[in-house]
Structure formats: C-alpha cells, structure tokens
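Guided by the hints, dock chain B onto chain A, whose structure is given.
Protein sequence lines, in the order shown, are assigned to chains A and B. Counting from 1, position 56 in the first sequence corresponds to residue 68 in this note's numbering; the numbering is continuous, with no gaps. Counting from 1, position 350 in the second sequence corresponds to residue 362 in this note's numbering; the numbering is continuous, with no gaps.
A portion of the hints provided could be inaccurate.
Identical chains blur together in the list; that is why a pair holds if it fits in one copy or across any two.
[Stated by the list, open to error] Below, simulated SDA-like cross-link-like pairs (lysine to any residue); rule was C-alpha separation at most 20 Å, straight line:
no., residue 1, residue 2
1, Lys221, Pro253
2, Lys237, Glu326
3, Lys23, Arg141
4, Lys237, Pro250
5, Lys237, Arg325
6, Lys39, Thr140
7, Lys23, Ser177
8, Lys237, Arg322
Derived from the structure by calculation, the hints contain no laboratory data.
Number of protein chains: 2
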Amino acid sequence: MYDFVFHNPTKIIFGPGAEAQIGAELKAAGIGNVLLLYGRESARKSGLLDRVIASLNESGIGFVEFGGVVSNPVLSHTREGISLARGSGVEAVLAVGGGSVLDEGKAIAVGAVAEEDVWEFFLGREVTRALPVFTILTLAATGSEMNGNAVITNEETRQKYNIGSIHTHPRVSILNPELTHSVSPAYSAYGAVDAIAHLIEAYFTKEAKGDATRLQDRLVEGLIKTIMEDAETIKSNPADPEARASLMWAATLALNGLTPAGVGPYTFPNHMIEHSLSALYNIAHGAGLSIVIPAWMEWYRPRNPDQFKRFAREIFNLDDGQAGIVALKKWFADLGSPVSLREMKIAADDIEMIAANAHGLARRWEIGEIYPQETIAEILRLGAA
Amino acid sequence: MYDFVFHNPTKIIFGPGAEAQIGAELKAAGIGNVLLLYGRESARKSGLLDRVIASLNESGIGFVEFGGVVSNPVLSHTREGISLARGSGVEAVLAVGGGSVLDEGKAIAVGAVAEEDVWEFFLGREVTRALPVFTILTLAATGSEMNGNAVITNEETRQKYNIGSIHTHPRVSILNPELTHSVSPAYSAYGAVDAIAHLIEAYFTKEAKGDATRLQDRLVEGLIKTIMEDAETIKSNPADPEARASLMWAATLALNGLTPAGVGPYTFPNHMIEHSLSALYNIAHGAGLSIVIPAWMEWYRPRNPDQFKRFAREIFNLDDGQAGIVALKKWFADLGSPVSLREMKIAADDIEMIAANAHGLARRWEIGEIYPQETIAEILRLGAA
Numbered sequence: 013m014y015d016f017v018f019h020n021p022t023k024i025i026f027g028p029g030a031e032a033q034i035g036a037e038l039k040a041a042g043i044g045n046v047l048l049l050y051g052r053e054s055a056r057k058s059g060l061l062d063r064v065i066a067s068l069n070e071s072g073i074g075f076v077e078f079g080g081v082v083s084n085p086v087l088s089h090t091r092e093g094i095s096l097a098r099g100s101g102v103e104a105v106l107a108v109g110g111g112s113v114l115d116e117g118k119a120i121a122v123g124a125v126a127e128e129d130v131w132e133f134f135l136g137r138e139v140t141r142a143l144p145v146f147t148i149l150t151l152a153a154t155g156s157e158m159n160g161n162a163v164i165t166n167e168e169t170r171q172k173y174n175i176g177s178i179h180t181h182p183r184v185s186i187l188n189p190e191l192t193h194s195v196s197p198a199y200s201a202y203g204a205v206d207a208i209a210h211l212i213e214a215y216f217t218k219e220a221k222g223d224a225t226r227l228q229d230r231l232v233e234g235l236i237k238t239i240m241e242d243a244e245t246i247k248s249n250p251a252d253p254e255a256r257a258s259l260m261w262a263a264t265l266a267l268n269g270l271t272p273a274g275v276g277p278y279t280f281p282n283h284m285i286e287h288s289l290s291a292l293y294n295i296a297h298g299a300g301l302s303i304v305i306p307a308w309m310e311w312y313r314p315r316n317p318d319q320f321k322r323f324a325r326e327i328f329n330l331d332d333g334q335a336g337i338v339a340l341k342k343w344f345a346d347l348g349s350p351v352s353l354r355e356m357k358i359a360a361d362d363i364e365m366i367a368a369n370a371h372g373l374a375r376r377w378e379i380g381e382i383y384p385q386e387t388i389a390e391i392l393r394l395g396a397a
Numbered sequence: 013m014y015d016f017v018f019h020n021p022t023k024i025i026f027g028p029g030a031e032a033q034i035g036a037e038l039k040a041a042g043i044g045n046v047l048l049l050y051g052r053e054s055a056r057k058s059g060l061l062d063r064v065i066a067s068l069n070e071s072g073i074g075f076v077e078f079g080g081v082v083s084n085p086v087l088s089h090t091r092e093g094i095s096l097a098r099g100s101g102v103e104a105v106l107a108v109g110g111g112s113v114l115d116e117g118k119a120i121a122v123g124a125v126a127e128e129d130v131w132e133f134f135l136g137r138e139v140t141r142a143l144p145v146f147t148i149l150t151l152a153a154t155g156s157e158m159n160g161n162a163v164i165t166n167e168e169t170r171q172k173y174n175i176g177s178i179h180t181h182p183r184v185s186i187l188n189p190e191l192t193h194s195v196s197p198a199y200s201a202y203g204a205v206d207a208i209a210h211l212i213e214a215y216f217t218k219e220a221k222g223d224a225t226r227l228q229d230r231l232v233e234g235l236i237k238t239i240m241e242d243a244e245t246i247k248s249n250p251a252d253p254e255a256r257a258s259l260m261w262a263a264t265l266a267l268n269g270l271t272p273a274g275v276g277p278y279t280f281p282n283h284m285i286e287h288s289l290s291a292l293y294n295i296a297h298g299a300g301l302s303i304v305i306p307a308w309m310e311w312y313r314p315r316n317p318d319q320f321k322r323f324a325r326e327i328f329n330l331d332d333g334q335a336g337i338v339a340l341k342k343w344f345a346d347l348g349s350p351v352s353l354r355e356m357k358i359a360a361d362d363i364e365m366i367a368a369n370a371h372g373l374a375r376r377w378e379i380g381e382i383y384p385q386e387t388i389a390e391i392l393r394l395g396a397a
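Bound conformation, chain A alone (with noise of 0.2 Å):
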C-alpha cells in the first residue's frame, strides 16, 4: 500500500422521504438562508421541489430559487449563480439535482466568496474556501454527493473541467432512492456506467500491482458486480425499490474517495478523454464513457496485463484478459449505451480535433507525456466503428 489521506466528512441521509429533512440540517448547521439551485423544471413538477420548500420553511431557512442547470453544466450559468449568490447574501447552496446540479453548486459556492472569478480555480488555482454545500440527489451517477469534485464546462474554450476541494464536499447529502425511479432507462444506464467508469480509472492505472492493494481490488469487484447486476433488473423493472437503493449507495461509494487510497498515484484517463467527447458534442457523459472505455482498454491491457486477467476473471468469470474487454463492452452495449463513435453520429474525421481538446485535459492533469494528441487519436479510432 500507498501513504494516503482519507478524509470524507459527509453527512449521508439515506431513505425515501429523507428530503423532508433538509430544513432541520441546514437549521442544525446554523445556515439561515440558501440558493436553492435545480435543473429543469421536472423538479417543481414531480413535487420534489414542493417538497423541499415546505422543509424549509417550516425550518425557518429563507431561500433563493436559481434553476435552469443543463447537464454538462456551463460556466456562464455557474457565473449567473454566482452573481445571484452574491447578491442575495446567502449562506449556502443546496443543490436538488443530478450530478450536473451538484457540480454548478459546489462551483457557485465556490465563486460567490472568491475574489477572482470562478474559472480561475478550474484552470489551477487552489480552492481554500466556499459556502457550505448541501445535496438532494436525483440521479445515481456521478458521486459528486460524497466528494469535492466539480466539472463544469468552459462553452466559449470548449473545456470541460474540473476542481476538487476538501471545502466543497458537501455537508449533508440527502440520498432518496424513490427519487431516481422515474430515470429514464438511458439515463439509467448511463448511471451505471459512470459508477463503473469511476472504479475502474484506478484498479487499472494504479501504481501498486499485486497483491499489495487486494482489499482495494475486491472493494471495486464487489461494486461493479453490484452495479451491473442493478443496472440489468433497473432495465426490465424501472422501479424496482432494491435495485434502485443499491445502484445509488453503490454508486456514491464508487467515488467517494475509499477504493483508490492506498493504492497509489492513479490517473483517470477515460474522463479526460470522454470529456472532450461531452465538451465538443454536449452528449451524456455516461454515454461517452461507454465508447471511450473499451476502446482504452484494448490499448492499455498489454500494460498491465495481469490485472485485466483478473478483471476478466472476477467480473466475467473468464480467464482471458482480453475476453473481459469484450464482455464488457457488450453489457454496455446490452444496456443500450453506445459503444462507438458511429452510434453518436460522430465523424472519423473529428478524431484528431478530439485529440487535441482532449490532450488540453492530459496536460492539465499532467499526463500529458502518456497521452500525447497522437496516443488518444490512435485510441478513438479503436472506438471509432
């Protein structure tokens, strides 16, 4: 193993009705007034938003309304919420959403108490302070309810960020899986697939082999075998109350930050790579993934070929590396997440220009010199057809 630091303090409330909650957490908390940030108007229709608002007012927490965050959420919209939470004088976000959500307000809370704007901390900058951050999740997908991570998209640069920050974990998070019964089966899907992605960045490119991280390994086995089981009864019965508990617990666990410590330096190479694919075409990022991730693996298996016979053999029951690409890519399919370029109508020709928005990513993230432009294009091409 690996030095590490682990520390995640989020407060989980998980369980139908749990939103009702809200008003007494932030009340607990000391917080007298929020932003109350949410996507699309789905939210106010379902009664969710109903809901919440009843909570805080019985708590006596005034708020602001700020809706409108797409998914691969922009910068002009954070910037809009910034100038609102500057404006009104609140002392926290509580964001009720999906990842997208999430993310804009961990980006808000950042910008509403910087001196500099918001984009400056996705290009660098180190984050050393935010409003306090509150969650009502919607969607099992991208962990960003138990972790500091936030992307957000450049529209004018066409980059797609991030920011990671111990000041934007949120301080509650309200995991309802009642919530995310009404996901579309795409949707659904591209959950699962992000969960997956998340685990798997790691338990491939981690710098300790072998047995040295064999507890990390089967953290990660017993959380992809859990979401791919949910993900496939979620198919064929949407609402299916276990599944869908499983799949939203499952996925926050995948990337709270417990299966990569101690397993050393790690890189996350399908994200950057399936950012681009989401900066440049504004697809579902779950549905980029599933391009990107079998086309990575075939290149990356010859280096690390031992842990590919393992995931092969834990996942698949199969004793052949590369079988287990093939599997998996299937089950994507299978799940009815795209598996090429082709099925997204996006050209061969765009290759290089992908590349290249993506190697912005590789250098930011200082991988640069293993992914150079020419190393992704020959690894999009795999996922090409």
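Structure of chain B alone, referenced to chain A:
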C-alpha cells in the same frame, strides 16, 4: 436496503512516519495543548513517544503526559485522566496506542467537559459534547481510530460497557503500519479475530435478508478474506510491510460504519458475551471472541441458514453452513487464538455467573429478550471444551 445515516468525519493519515504530522494537524485545528495519553512504557522505549513530543514541540503544542492505560481500560484510571484534563485545562486528547488507549481517550474527552460522572454516559446518558480527540494508532484491531465508540470496564461492578457518539469520533487518526510490526504473534492474531468479529455481527444478524444487501455482504466478505490472508502472512513473517499495512486499513474499515450502512437493525451478541469474559477474567478481547464466535454461530445458524451457507461458500469455498463454522474455528485455532473456555482455564462451573453478567449487557443493549441468561449459558456451554 434500510434507511441509514452515514457520517464519519475522521481524517485518516496513513503511512510510515505519519506521526510526525500530528503537531501540524493539531495546530491547524486551533489546538494549543493536549492531554498526551498512552499505555505501557513500550511507547516510550520504542521511541514513538519521543517522536510525537518532537512533533508537538515543533508546532508549539503544549502537553500533559498521562500514561498507564491498561488493556480492557478501567474506569478508575479514566477518572484520574478526567481530573488531570480538567485541572490542566487541556483543549484536546491525543491518544497514542491501541484500541484501549483510544477508548479511554474518548471517555476522558467526554468526562472532561461533563458535569456528571463519566460512568453515567456508559449507563445510557446521551453524549452531547467532548474535547476533540486525536489518535496515533499502534495496533490493528478495534477500529476505534475511525468511530465514536469507546468501551470501559467498571472494576467495581464488573461491567464492561460502551458509549458511542459523533462527538467522540477522532478528528484525525494517524495510522503508521510500521508501528504494528513488533506486535506479538498472539496480539496480532487477536487483532485479526476482533476485526473479523466486527464484520460478522451485522452480516449474520441484520434484519435485511437476501439480495437487498448484496453490496454490504460483498464488502464484508472482501474485508474478511483480506484480513485472513494478512493474518496468515503475519504469522509466518511478522514484519511483512504489505500485510501489516493491509490489515491495519482493513481493521479500520471493519468498524467505521461502512459495512452495516443500509442493512437495517442488527445486534452485537458476540461482543456482548465476550465483554463479560474480559470483564471477569481480564483476557484479551480477541481471545475471548475466538471462543465465543464459533459457539454463537452454532447456536444462531438455524435462525439464518442461508447467510451461513453464503459465508461458507464465499469465505471457505464450502457448500455447507455448518462446515463453514468448523472451518472458521479451525482457522482461529491455527492462528493461535483460543477456541474454548477450557484453554483459558475458565471453569464450566463459572458459566452461569458469566451468563448473568452478559445478560446485564444484553438488557443495556435492549436484546435481553433474544438473549436471556439461560440462552447465553447455552451458547457458552457450546464453547466450553
């Protein structure tokens, strides 16, 4: 899954030499002086205490030393520590040692700011505040480094009782696996037994059954398998750095609230009975557990046969629940941990007296109806010879 709250704000700093960071961590938390709590003089002789004091000095943290914590820490010494903490006006407790030192540190932290005598809290009064607790761990076993629990023995009444609170969660726990390299074979084995015991209590007794908690079952099984491999490696090579590191982190995760989150109500019957053994005979907690667990399993198996089948299959690759119990008992024995009262020279004639003591704890934990005195005696008789 059942509703749950998961909230574990402890910051873990893991790695060789990490104790050098304690001064800076205290300073960053605004602490000016601490009660420096430790156990036997081995902490001084090994040089650990000197290194800790050097770190405190470097950050300008004042301290008052208080040594002499014993295994199965006792109320009288805890009360002495509380007097010292009050009299010296320390702002935090820094516990350096194994689970006993950490537990007494938490109890002192509660008592130092309470108007009541500290034992009131062990008898059921709610803990509402405590001095901040910081820890430097020297033994992989109890998980106290990442939870709010503390167990103290009242020598007068022969009660080994516990408290649990968010206020006694360590703020920072430093885990340097090298500090455990010199732990004796016997105590290394007891530590592994204790960690396994923490995992199986909820695994077998949880209210949620079947597929609803596949995720939690897999996390438990992954941890148990890892702990067993680590313990076997340590038995033949006590200073194996990877096994010591892996065991230390696995033992922490075994009782940090992760694995039972979502499994519904569960009980701690093995700990209930063992606490009486160590309260009455002052035997090591792990030694008592390896006696109680196989006996309890034999008694409990008909009440949850499917989970015992699962345990046998996943842990020992056996297809019969009873065979899994036999295999675990043999594994405890092979590791050098006792599996009968006779081995610890506890007479069968004492069983009624032990059962009466344990039933006191059963009432305290509100499981007295499941475990009347006669049932506890029946379980103990299964572990007599």
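Practice item. Tell me, in ascending order, the numbers of any earlier hints that this structure violates. Key: none
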